[in-house]
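With the working numbering applied, the sequence shown corresponds to residues 2 to 839, in that order.
Derived by calculation from the structure, the hints in this document are not laboratory data.
Built from N, CA and C at the ideal position, the CB exists for glycine as well.
Just to be clear, a hint being listed does not mean it is correct.
[To be verified] Okay, the calculated beta carbon distance ranges per label pair:
id, residue 1, residue 2, range
1, His769, Gly412, 25 to 33 Å
2, Cys226, His769, 49 to 57 Å
3, Gly412, Cys226, 18 to 26 Å
4, Thr798, Ser214, 26 to 34 Å
5, Glu160, Gly29, 36 to 44 Å
6, Ala706, Asp219, 19 to 27 Å
7, Thr798, Glu86, 49 to 57 Å
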Amino acid sequence: MNIRKRTGEVVPFQEEKILNAMKKAFSGQGQEIDDRVLDEMLSVVLKRLPENSGLTVERVQDEVERVLMECGHYEVAKAYILYREKRAALRRVRADLAHEVGDDALEDVLRQIQKDYEEEVYPLSALQLKFESFCKPAMTTDAKMEALTKAAVELTTVEAPKWEFIAARLLNHTFSKRNASRWTERGVKGLYEKLRYLTDKGLYGDYILARYSREEIDTAEGFLCPKRDTLFTYSGLDLLLKRYVIQSRSREPLETPQEMFLGIALHLAMNEASDRMGWVRRFYDMLSRMEVTMATPTMSNARKPHHQLSSCFIDTVPDSLDGIYRSVDNFAKVSKFGGGMGLYFGKVRATGSAIRGFQGAAGGVIRWIRLVNDTAVAVDQLGMRQGAVAVYLDAWHKDLPEFLQLRTNNGDDRMKAHDVFPAVCYPDLFWKLAEKNLDAPWHLMCPHDILTVKGYALEDYWGEEWEKRYLDCVSDPRIEKRTVTVKDIVRLVLRSAVETGTPFAFNRDTVNRMNPNGHAGMIYCSNLCTEIAQNMAPIEHISTSVQTENGDTVVVTATRPGEFVVCNLASLSLGNLPVEDDTYMERTVETAVRALDNVIDLNFYPLEYARLTNHKYRSIGLGVSGYHHMLAKRGIRWESEEHLAFADAVFERINYAAIRADTALAREKGCYALFEGSDWQTGAYFEKRGYASGKWRELAETVAAQGMRNAYLLAVAPTSSTSILSGTSAGIDPVMRRFFLEEKKGSILPRVAPELSLDTWWYYKAAHLIDQSWSVRAAGVRQRHIDQAQSMNLYITNDYTMRQVLALYLDAWHSGVKTIYYIRSKSLEVEDCESCAS
Numbered sequence: 002m003n004i005r006k007r008t009g010e011v012v013p014f015q016e017e018k019i020l021n022a023m024k025k026a027f028s029g030q031g032q033e034i035d036d037r038v039l040d041e042m043l044s045v046v047l048k049r050l051p052e053n054s055g056l057t058v059e060r061v062q063d064e065v066e067r068v069l070m071e072c073g074h075y076e077v078a079k080a081y082i083l084y085r086e087k088r089a090a091l092r093r094v095r096a097d098l099a100h101e102v103g104d105d106a107l108e109d110v111l112r113q114i115q116k117d118y119e120e121e122v123y124p125l126s127a128l129q130l131k132f133e134s135f136c137k138p139a140m141t142t143d144a145k146m147e148a149l150t151k152a153a154v155e156l157t158t159v160e161a162p163k164w165e166f167i168a169a170r171l172l173n174h175t176f177s178k179r180n181a182s183r184w185t186e187r188g189v190k191g192l193y194e195k196l197r198y199l200t201d202k203g204l205y206g207d208y209i210l211a212r213y214s215r216e217e218i219d220t221a222e223g224f225l226c227p228k229r230d231t232l233f234t235y236s237g238l239d240l241l242l243k244r245y246v247i248q249s250r251s252r253e254p255l256e257t258p259q260e261m262f263l264g265i266a267l268h269l270a271m272n273e274a275s276d277r278m279g280w281v282r283r284f285y286d287m288l289s290r291m292e293v294t295m296a297t298p299t300m301s302n303a304r305k306p307h308h309q310l311s312s313c314f315i316d317t318v319p320d321s322l323d324g325i326y327r328s329v330d331n332f333a334k335v336s337k338f339g340g341g342m343g344l345y346f347g348k349v350r351a352t353g354s355a356i357r358g359f360q361g362a363a364g365g366v367i368r369w370i371r372l373v374n375d376t377a378v379a380v381d382q383l384g385m386r387q388g389a390v391a392v393y394l395d396a397w398h399k400d401l402p403e404f405l406q407l408r409t410n411n412g413d414d415r416m417k418a419h420d421v422f423p424a425v426c427y428p429d430l431f432w433k434l435a436e437k438n439l440d441a442p443w444h445l446m447c448p449h450d451i452l453t454v455k456g457y458a459l460e461d462y463w464g465e466e467w468e469k470r471y472l473d474c475v476s477d478p479r480i481e482k483r484t485v486t487v488k489d490i491v492r493l494v495l496r497s498a499v500e501t502g503t504p505f506a507f508n509r510d511t512v513n514r515m516n517p518n519g520h521a522g523m524i525y526c527s528n529l530c531t532e533i534a535q536n537m538a539p540i541e542h543i544s545t546s547v548q549t550e551n552g553d554t555v556v557v558t559a560t561r562p563g564e565f566v567v568c569n570l571a572s573l574s575l576g577n578l579p580v581e582d583d584t585y586m587e588r589t590v591e592t593a594v595r596a597l598d599n600v601i602d603l604n605f606y607p608l609e610y611a612r613l614t615n616h617k618y619r620s621i622g623l624g625v626s627g628y629h630h631m632l633a634k635r636g637i638r639w640e641s642e643e644h645l646a647f648a649d650a651v652f653e654r655i656n657y658a659a660i661r662a663d664t665a666l667a668r669e670k671g672c673y674a675l676f677e678g679s680d681w682q683t684g685a686y687f688e689k690r691g692y693a694s695g696k697w698r699e700l701a702e703t704v705a706a707q708g709m710r711n712a713y714l715l716a717v718a719p720t721s722s723t724s725i726l727s728g729t730s731a732g733i734d735p736v737m738r739r740f741f742l743e744e745k746k747g748s749i750l751p752r753v754a755p756e757l758s759l760d761t762w763w764y765y766k767a768a769h770l771i772d773q774s775w776s777v778r779a780a781g782v783r784q785r786h787i788d789q790a791q792s793m794n795l796y797i798t799n800d801y802t803m804r805q806v807l808a809l810y811l812d813a814w815h816s817g818v819k820t821i822y823y824i825r826s827k828s829l830e831v832e833d834c835e836s837c838a839s
């Protein structure tokens, strides 16, 4: 027997649906009903139903009402009648809205919204009322859909935060309908034909179809799960459609969100030798479930012709004219393809130093930094955003006082560079003196003077050896000093930090002490977002020669490539993962580590220097987002010992899984070139971090025996953009506010703490209200498990004194925190580096 639904669709009749409806009617009134009685009432209902094709849902419900009344269940029957009327009212709202918009397909979307959001604060009647207030005569269907979506956005409140998900569904419906229509107009069907079209138009990398057969593409198409579009918030989907999916040259989105995730997966699995389609599926699943996000360059550029997938680059600026301009040129080329840059200026001679023996000839680092500043503005990534660069200088460099005023509003404008991000590299000695005696003398010197007089570069040392050589330089009268007090430097640092959010802090001795590859080099500074810590070395000019090639005279310049750091990033979305589940986390981390390792071989490198270093060390940076989301979801307060203990357990679990996955990769594909002699190989990595349990000792033995695939594994980036995309909190930061509406380019975007509810409300304490000592302690707990660094911000208010801010720096140094990103004053608005957002 068949039954006709209200939509007109005829489906097989299922009597268990009647039984379930009656059960719900009784349970809704708090009444228990014997199964035998229910079966008897069902038999009566079934006997009264027609056996011909005239059976309808309405007829069945009428008979259920009648039987309930006849059996004396009046209250249940009344509730059932009211329920039917409520459902009828919901159907009327759906039908009216679809009719008002002029889109029949909208009714199915609204039906699913009603089903998924049954709470009283999400009535479609409220959406209808808001929508009607936006409507104007002669609006097109597209304009009405935009108005309907806008209505859902503006209904998003603290009390009803899920309207942002409803708005996302309406936006996705509009996009999907328009997108499908345009592909139909082009006569394109199926994923393979779409990829063929995009490839022919030069929008998709031809390497995808060159590496995958049509059968494999058809198999991959079967992985697509459009239902996962419902995971998007409005802000996330809006961002994805505007910035991440492939667009035509007229900025028309040409792929769906799920096709984007699949395209990235196809790229990342391209070189897999065995079970390639299995890895495509695993990569697609982790991305489309929003359990892992790749860095912004990877998300944006994978599958495209110019597939620059890396976020972060770091260069050591040499102390020569050719070297400085080469570094500026390197930055321009990196910026052109969307990378963020860190530049270490600690080797460049200071103002007044000698050039070719002429005393007082050097102009110092500031004028070169101004050149970098202008390059950042000029190379603006096809008009999308200007370049982004952090410039690092040692705390003992003679030009430090001027450097610390690069972005402040006081002083000589000729010494300003407002578009760079200054950062200071601090030795332990500086913090020791800042803690014990702020009036202690601090001697600023020129690195070129030291090299000339002493024959060594002071910046090439760290720890006790650096301190010994520093004091040796201080006592040498041949080296000119600019002597100030520690307090003078601290004041300049804190004044700039409170006013501009910078300088970033880089604790060079802590970083190098914990460097797992200290046997092969030194780390001078970090990157634009302060989470990368890898061996560095300047590019060196070797020779210039004139040669003849194919009858032409050419000038050939030879350089030693140094170590030009590049890192590939991804983030575990902790708020979307079962972080207590060892098995699930190990599989997720294994998938992410493999994807990142593949990026190294699949990447388009804007510079050969970057390619050489990346293949030498094979460095990756697996980080996290959704940290506050994870805590709030579990009812853990930020300012609590429970937070510290939980973070310790989670990050140890992540680190264990990452190392285990990486050493397995080494067994399968081989070790990085410098594994021998590293802390990984000697076991010092595990000893320094106190990993002494049985499972850790066993893992250390495995690593020593079969090696590591990647020299560096973990780095926690800010994830400002990708956390919005995946609907979670940014990086390891607390949320700024539980809820606010942001106006951006004329549109309103709701910003809601993830999974905000009465259960999570009190666990989402706003960043500026949190005692920052807890954030510093948490960073110290996490740092033990992170071989690189963390983009950790400090949030202060106008009530903070300079001494309190200094105390946070000292606490961070004592806790083993390697870097501090922004000091975010409540009155200061600063933007995260989007190049490093993963």
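Now the hints, each set against the structure:
A C-beta distance of roughly 28 Å is found between histidine 769 and glycine 412, which places it inside the suggested range of 25 to 33 Å. Checking the proposed 49 to 57 Å range against cysteine 226 and histidine 769 shows it is violated: the Cβ atoms sit about 39 Å from each other. Checked against the given bound of 18 to 26 Å, the beta carbons of glycine 412 and cysteine 226, roughly 57 Å apart, lie outside it. Checked against the hint of 26 to 34 Å, the pair threonine 798 and serine 214 fails, with Cβ atoms roughly 60 Å apart.
A beta carbon spacing of about 25 Å between glutamate 160 and glycine 29 contradicts the range 36 to 44 Å that was offered as a hint. Restraint check, alanine 706 to aspartate 219: a C-beta distance of roughly 42 Å breaks the suggested window 19 to 27 Å. Under the hint 49 to 57 Å, the C-beta atoms of threonine 798 and glutamate 86, about 53 Å apart, fit the expected range.
Violated hints, listed in ascending order, are 2, 3, 4, 5, 6; each of the other numbered hints is respected by the structure.
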